[in-house]
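**Student:** Produce the complete structure using the sequences and hints provided.
Protein chains: 2
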Amino acid sequence: MSDLFAAHAEKLDRAVEAIGARTYWSAYPEHPKAYGEDAPVTGQTSFDGLLGTPFATDQVHDGYLEVAEGSPYGIDLGIEYPATSVAATVAAAVSAQRDWGKASPEDRAGVCLEILRRLADDPFTMAHAVMHTTGQSFLMAFQAGGPHALDRALEAVAYAYREQKRLPDPLRWEKPQGSRDPLVIDKRWIIRPRGVAVAIGVSTFPTWNGYPGIFASLATGNPVIVKPHPETILPLALLVRTARGVLADAGFDPNVTQLLVDTPQALVGKDLVTRPEVAIVDYTGGSAFGTWLEQNATQAEVYTEKAGVNSVVLDSAPDLTSVFRNLSVSMTMYSGQMCTTPQNLFVPESGVRVGGETMSYDDVVAAFVAAIDGLLGDDARAVAILGALKGAATLSRIEEAASTGTVLSESRAVGSPDFPDAVIRTPVIVEVDGTDTAFASEMFGPVIYVVKTSSTSESVALAKKAALESGAITWLAYTTDDDVMDQVVDAAVDSGVSVAFNLTGALFVNQSAAYSDFHVTGANAAGNASLTDGAFVANRFRVVGVRVEPAA
Amino acid sequence: MSDLFAAHAEKLDRAVEAIGARTYWSAYPEHPKAYGEDAPVTGQTSFDGLLGTPFATDQVHDGYLEVAEGSPYGIDLGIEYPATSVAATVAAAVSAQRDWGKASPEDRAGVCLEILRRLADDPFTMAHAVMHTTGQSFLMAFQAGGPHALDRALEAVAYAYREQKRLPDPLRWEKPQGSRDPLVIDKRWIIRPRGVAVAIGVSTFPTWNGYPGIFASLATGNPVIVKPHPETILPLALLVRTARGVLADAGFDPNVTQLLVDTPQALVGKDLVTRPEVAIVDYTGGSAFGTWLEQNATQAEVYTEKAGVNSVVLDSAPDLTSVFRNLSVSMTMYSGQMCTTPQNLFVPESGVRVGGETMSYDDVVAAFVAAIDGLLGDDARAVAILGALKGAATLSRIEEAASTGTVLSESRAVGSPDFPDAVIRTPVIVEVDGTDTAFASEMFGPVIYVVKTSSTSESVALAKKAALESGAITWLAYTTDDDVMDQVVDAAVDSGVSVAFNLTGALFVNQSAAYSDFHVTGANAAGNASLTDGAFVANRFRVVGVRVEPAA
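Here the protein sequences come in this chain order: A and B.
The first sequence begins at 1 in the working numbering and counts up by one.
The second sequence begins at 1 in the working numbering and counts up by one.
One thing to keep in mind: the hints can contain errors.
Same chains, same names: a pair is fine if it fits in one copy or spans any two.
Claimed, not checked - Derived EDC-like pairs (lysine to aspartate or glutamate); straight-line CA-CA distance at most 16 Å:
hint: 1; residue 1: Lys465; residue 2: Asp436
hint: 2; residue 1: Lys175; residue 2: Glu549
hint: 3; residue 1: Lys102; residue 2: Asp490
If you're looking for bench data, these hints aren't it; they were derived computationally from the structure.
**Tutor:** Rendered as structure tokens:
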């Protein structure tokens, strides 16, 4: 089994170095072209082969389940998944834990990296699976669903490995006793897992958000039951199948990783996560169920990433063209369905200092709307940026939002030549006043609020209030004034929100880089955990000390 | 403020080294004589001056509270404590957090180490305070309540400091973009506290068990409200007063550490820990309230150390005299009121291999009982070992236990020449069968069970069953057989119990060494946290990332 560790040790070492240095690094190429000429066709064929058939599995199951998985691009997925029960998967996980929990951190890391290698070898199948279940554009699905998700997985393995390797083992402990012989004790420490882990998938970024918890649990010896979102199943089903193959090849019980699929009519999450054997729950998704988990799965360690209200504070800039070039992309990519998408743009009614001159509020807002309309004016480009809408609730939120203020730009349907049934909409841009309340709640999807405030100080205060009440993951501020920057940083720290300044280039605030940026601080209602820090891994295992008095 | 860090940097560095190396180290001398000739008298005078008076404090309060604090040695303490309310202490903590949370890890560590230094300079006052509130013997109160507690505090500070210093800050992140210019972002990370921390003290080891959580929270920027056990207040009141003095001298709001005292008639714990501002709770005490905390203080990170059933498995030994010399002390010191005291001695009915010969069950048990009776036969020695009993429930448990099996040695009252009203009892030794159930629950106090089993395998199985059902912190096994040792280790890992083997010398299983041994694994019902590991500190702070695109 240590063969796998040896095969991947260099990459793991490099990842451990990366989480310390936090400078740029990636283990998996993000450009589709890096994977060779045949890869796209092979991946497409492989994906097509999955459609309309029962999902092949070696997992013991009781027939197949018709599911609610649907494609925002309107294609018929028609995949059925193995029907497994909560009781059976939990029992199988407990059984599988025995050997997996006793494996060394090296052996477990080797298996984890081999799973990542196999996934990395076929990113196109996963890209199609993510695209067609989430509505992401192909390129986003390829990158965020493939290499970027793999990077976040490797990051979690690196954290877990480093944390487990902190103890010198074995050692001899000697306590001086003055003139008498010292006390001598031989000590070692044995790492054991917490117990059965559950990973509950999200509908929009099942791999990127799911892998960190799954791999952190696996690397620390916990068997993982993967319960995908009932409407986005395939990406995590592919992960589980790949993981089981690696586990079996490495001589472990493949039930170290199991798939448990449910339907909206018969959700199993609450039953699953409150089983006494379940010791860890990772969750990404809506706030209601996330908060329920935090309050009710009290027998387990619960790691949540929920929702939030992300804000942009516009104070001053050398030039607004580059500001809006960046903002128009970050506020519209994947139709605002990223948990990091900025929803609110706060603009002072007195206008914005641009290159030393004051530009009026009206002119600023007009330029912002024009930038978004311009970006999305071309249908082909709009399709590539917007992707498609996942979920009927997201679609209906457009109209809901339009009724909460003055519509500056209406949402329009965009046609896709490749997918005539795709649900694609440009965002609605709604203007409200700082005294309004609509913008202070999350309006997940293609909804942009322009909030007219009395001053930048009020902009910051409103962003902070929304973050403290509803949570927030990202802030973005534009300012040339160091005092304003300090003020924003102070408010961000108080609110527990990561903040970026003056992004005008090709980096968007929505994006966080593995090995460098933390995703979610864990310090406000947007989630209680962070991808990935020490706290995300340190409590997934426990240490049993063994002390032996040497024979006389 | 950084003066304090500079003054203590060397000690902190040494402590950080110690938690990595885990070999023997101590920062505070454990021998009373190390503190000079005058220290005992000064400490006694200082302690006497506290008795029968209101406890002086700079904390805003509303009069003084008559409390239920009592001395197991029967002296009249008569100390009144400042009356403070939950609402007022929480509000003051929130206010104090602002500057403390923004202080650097260095400044906070400096303050923490200065608090420890002041406590270390006067260990005799604390020793009397611990002795007379807990019933510990003077020497135990001196060592466990003073230097050993300070070592565990320093260990927690070292963990907290190391964890906060993991991030390089600031740095420039550059992502290559092929032939185009790289993406360049300046990054820094700001550590912020979780929020208001609450430390709930235990009646028996208020400082040793309380300091780690208190100092871990302080070192990571959280203000701490210290709520002592209503019957053991003085030791933590002294800590809070010392801490407030250091904080004020260092220019911080002294409300970073506050005392909140309650009475059995008006307990405030539940109200306090469920306040939304409370983000961290540390608790040592009985299982009922600990489990309540885990299930109900869901808005906070809860760290518990509760109760358990500790076991000794006697399989084989070169010689039983040294075995029982060690065991008789560990099972009787402080009358079994340590959470690490072994309660059950499992002996196979077929007897024990001793130096190659089989010694019959009856002879083994007789030798064990004789060893205990012999150790405690002399009243002066018995007083020094047993200490006094804390709490009426502990006293009543003796009789309760006697009714559950065959009494091998009755409990007897021991008189103390110095403290005629002290409540001192030798343990009752009760023999039961492996099929009985009494031994499987914790009988906190001077109760020893000898459990007759069918074999060592059954001994191990019963110890495991009790640990899984009721929790356990320590196991001790005596065996000369490597297979048995493996079997015990396996069971210990499965049960999440630290295990020691073949202790015959001056180290007792009850004792765990700071910087080396973990106290409680966190993996069974005896508690969800460990003193001290990465998980104990990593989630007490959060990190806010700041990204800035450099000006063009």
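**Student:** If a hint holds in the structure, say so; if it does not, say that too.
**Tutor:** Hint check:
Taking the closest pair of Cα atoms, Lys465 and Asp436 come within 16 Å of each other only inside a single copy of the chain (13 Å); across copies the shortest separation is 60 Å, beyond that limit. For the homomeric pair Lys175 and Glu549, the shortest alpha-carbon distance inside one copy (13 Å) is at most 16 Å, but the shortest distance between copies (54 Å) is not. Within a single copy, Lys102 and Asp490 get their C-alpha atoms only as close as 46 Å, which misses the 16 Å cut-off; across copies the closest is 10 Å, which meets it.
When each numbered hint is compared with the structure, no violation occurs for any of them.
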